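Each chain, letter by letter, is given below.
Protein chains: 2
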Amino acid sequence: MKDSVIIVSGGLDSVTLLYDKAEEIALAISFDYGQNHGARELPFAEYHCTKLGIPHITIPLSFMHRYFKSSLLDGAEAIPEGHYAEENMKSTVVPFRNGIMLAIATGIAESHGLKRVYIANHGGDHTIYPDCRPDFIRAMDGAATAGTFVNVRIEAPYTNITKADIVRRGTALDIDYSKTWSCYKGADLHCGKCGTCVERKEAFQEAGVNDPTEYEPA
Amino acid sequence: MKDSVIIVSGGLDSVTLLYDKAEEIALAISFDYGQNHGARELPFAEYHCTKLGIPHITIPLSFMHRYFKSSLLDGAEAIPEGHYAEENMKSTVVPFRNGIMLAIATGIAESHGLKRVYIANHGGDHTIYPDCRPDFIRAMDGAATAGTFVNVRIEAPYTNITKADIVRRGTALDIDYSKTWSCYKGADLHCGKCGTCVERKEAFQEAGVNDPTEYEPA
Numbered sequence: 001m002k003d004s005v006i007i008v009s010g011g012l013d014s015v016t017l018l019y020d021k022a023e024e025i026a027l028a029i030s031f032d033y034g035q036n037h038g039a040r041e042l043p044f045a046e047y048h049c050t051k052l053g054i055p056h057i058t059i060p061l062s063f064m065h066r067y068f069k070s071s072l073l074d075g076a077e078a079i080p081e082g083h084y085a086e087e088n089m090k091s092t093v094v095p096f097r098n099g100i101m102l103a104i105a106t107g108i109a110e111s112h113g114l115k116r117v118y119i120a121n122h123g124g125d126h127t128i129y130p131d132c133r134p135d136f137i138r139a140m141d142g143a144a145t146a147g148t149f150v151n152v153r154i155e156a157p158y159t160n161i162t163k164a165d166i167v168r169r170g171t172a173l174d175i176d177y178s179k180t181w182s183c184y185k186g187a188d189l190h191c192g193k194c195g196t197c198v199e200r201k202e203a204f205q206e207a208g209v210n211d212p213t214e215y216e217p218a
Numbered sequence: 001m002k003d004s005v006i007i008v009s010g011g012l013d014s015v016t017l018l019y020d021k022a023e024e025i026a027l028a029i030s031f032d033y034g035q036n037h038g039a040r041e042l043p044f045a046e047y048h049c050t051k052l053g054i055p056h057i058t059i060p061l062s063f064m065h066r067y068f069k070s071s072l073l074d075g076a077e078a079i080p081e082g083h084y085a086e087e088n089m090k091s092t093v094v095p096f097r098n099g100i101m102l103a104i105a106t107g108i109a110e111s112h113g114l115k116r117v118y119i120a121n122h123g124g125d126h127t128i129y130p131d132c133r134p135d136f137i138r139a140m141d142g143a144a145t146a147g148t149f150v151n152v153r154i155e156a157p158y159t160n161i162t163k164a165d166i167v168r169r170g171t172a173l174d175i176d177y178s179k180t181w182s183c184y185k186g187a188d189l190h191c192g193k194c195g196t197c198v199e200r201k202e203a204f205q206e207a208g209v210n211d212p213t214e215y216e217p218a
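Chains as they are written, first to last, in the working numbering: chain A, 1 to 218; chain B, 1 to 218.
Pulled out of the complex, with its shape left as it was, chain A reads as follows (with noise of 0.2 Å):
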C-alpha cells in the first residue's frame, strides 16, 4: 500500500531504503540546503525515483546556507580528511537538519493524507550526528505523531545496523551503486579521503561487495 513519504539524498543509505520500501511509497523528498555536493547527490535521487515509477519532488531550503554553520555548507575546502567517526568530523554537522527534513516531510505527508516517514540514517552515524541516533528518532515520532491528525510515524528502519549491512541489503535488491553519490566535497569524482569516502569505502570491503565508485587518483 503507498502510503508513505521518504526523504532522499541520492547518497547509498537512501537510495537503498528508496528500493527497500519502493512498494509502499507514494512520494519520495529531497532537500537542496546549499550542501557542497548537491549537484552530485540530488540527480541520483531522482534517477533512481525515476526508475522505480515514484513521485519525487526537491524543496529548497536556502536559508540554511545563510544562518547555518557548517562546513558542509562552506565548499570542498572545509571538508575535513580522515575517518568518519573522528572528532573532527563534527565541523560537518548541519545543526538538526535531519530535525527540520522530518518536519518538512510530515507536513507534506499529512497534506497529502500519507502515515508514514521513512529515513535512512543508519548505526555508523551515532557517533557524530546527534540528530541520526535512536533518542532522536523515537522523540521525534513522538512529535510527529502528537501534531498531525493521522498521526504520522517517523520510521528508520536502518538506525541500528551498519553501512556494510545496508551495502548487502542493497546488492541483494541489485542497485547499482554507482549510480549514488557520498563525498562531502562534491567535486567530479569522490575524492576518497574525507570521512564519509572513508565509511563508503570500508562499508564495501566489510559487505564483501565489489566497490564500483571511481575514486579520484591518490
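You can trust all of the hints, since none of them are fake.
Listed below are the simulated SDA-like cross-link pairs for lysine to any residue, each with C-alpha atoms no more than 25 Å apart in a straight line:
no.: 1; chain 1: A; residue 1: LYS115; chain 2: B; residue 2: PHE63
no.: 2; chain 1: A; residue 1: LYS201; chain 2: A; residue 2: PRO217
no.: 3; chain 1: A; residue 1: LYS69; chain 2: B; residue 2: SER111
no.: 4; chain 1: A; residue 1: LYS2; chain 2: B; residue 2: LYS69
no.: 5; chain 1: B; residue 1: LYS115; chain 2: A; residue 2: HIS126
no.: 6; chain 1: B; residue 1: LYS115; chain 2: A; residue 2: ASN88
Short derived list, chain B residues pointing at chain A, Cβ under 10 Å:
no.: 7; residue: ILE57
no.: 8; residue: LYS69
no.: 9; residue: LYS90
no.: 10; residue: PRO95
no.: 11; residue: ILE100
no.: 12; residue: MET101
no.: 13; residue: THR106
no.: 14; residue: ALA109
no.: 15; residue: HIS112
no.: 16; residue: ASP131
no.: 17; residue: CYS132
no.: 18; residue: MET140
no.: 19; residue: ALA144
no.: 20; residue: THR145
Bear in mind the hints are in silico, worked out from the structure with no lab data behind them. Nothing here was measured: the structure is a model prediction, and the numbers come from that model. Where is the CB? At the ideal position from N, CA and C, for every residue including glycine.
For this one, chain A is given, so just place chain B on it according to the hints.
Just chain B now, kept in the frame of chain A:
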C-alpha cells in the same frame, strides 16, 4: 542572559511573549510561508523587535504554498467564519507548521550557541491545532534536546493559559496591541468575523481590556 530564540509572527500572542521574555532573547525569527495575512502580521513582528532592540530575521518557506493544503494559504475567500474552536476552523490548519518552525528555530539556535526556543501557542489553540497541544510541545522538546549538541530546549510558557490571560499580561507590560495582527483574511482591516477575529475580540472582553483593534464595519 540572552541565550534564547523566539518564534514571533506579529500576532497578539507571540508579541506578548516577546516583551515577556525580552531579557532572554538574542534572536527573533518570523516565517513567511505564504500565509494570507503575512503582509499584515510580519511588519508588526519587525516593528516590536526594532523597538526592543532584538535582532529579527524572516525565513522564507515558499515551498509550503506549493505542497501544503490549508485554507490559510488559499486566499481570504477560503477562510471560514465563526467561532475559533469550531470544526470548520480545521481548514486553517497548516499541517505540522509548528513542528517545521520549531525544527528550523532549533537548528538556528544550535548554530548560534543559543539554548532555548520560545513559542507562544496557548490553551485556546488546542481544540483545533494538534501541533499546539502540550503532548506535541513535550515531544518536540525531547527531539530538540536529543538532536542537538547543546541540548536545545523548547519552551511554550503560554500552553496552559488563555488568550485573555495573555492580553492581561501584555497590558501590564504596556504593549500597544493596535500594532499586532490576528485576522486570517489579511485585508486592510481585521474582518471581525473569522475565527481568529472572534477569538481576539473575546479575549479583550474577557480580560476587561479596551480592544484597540479597528474591525471592518459589520
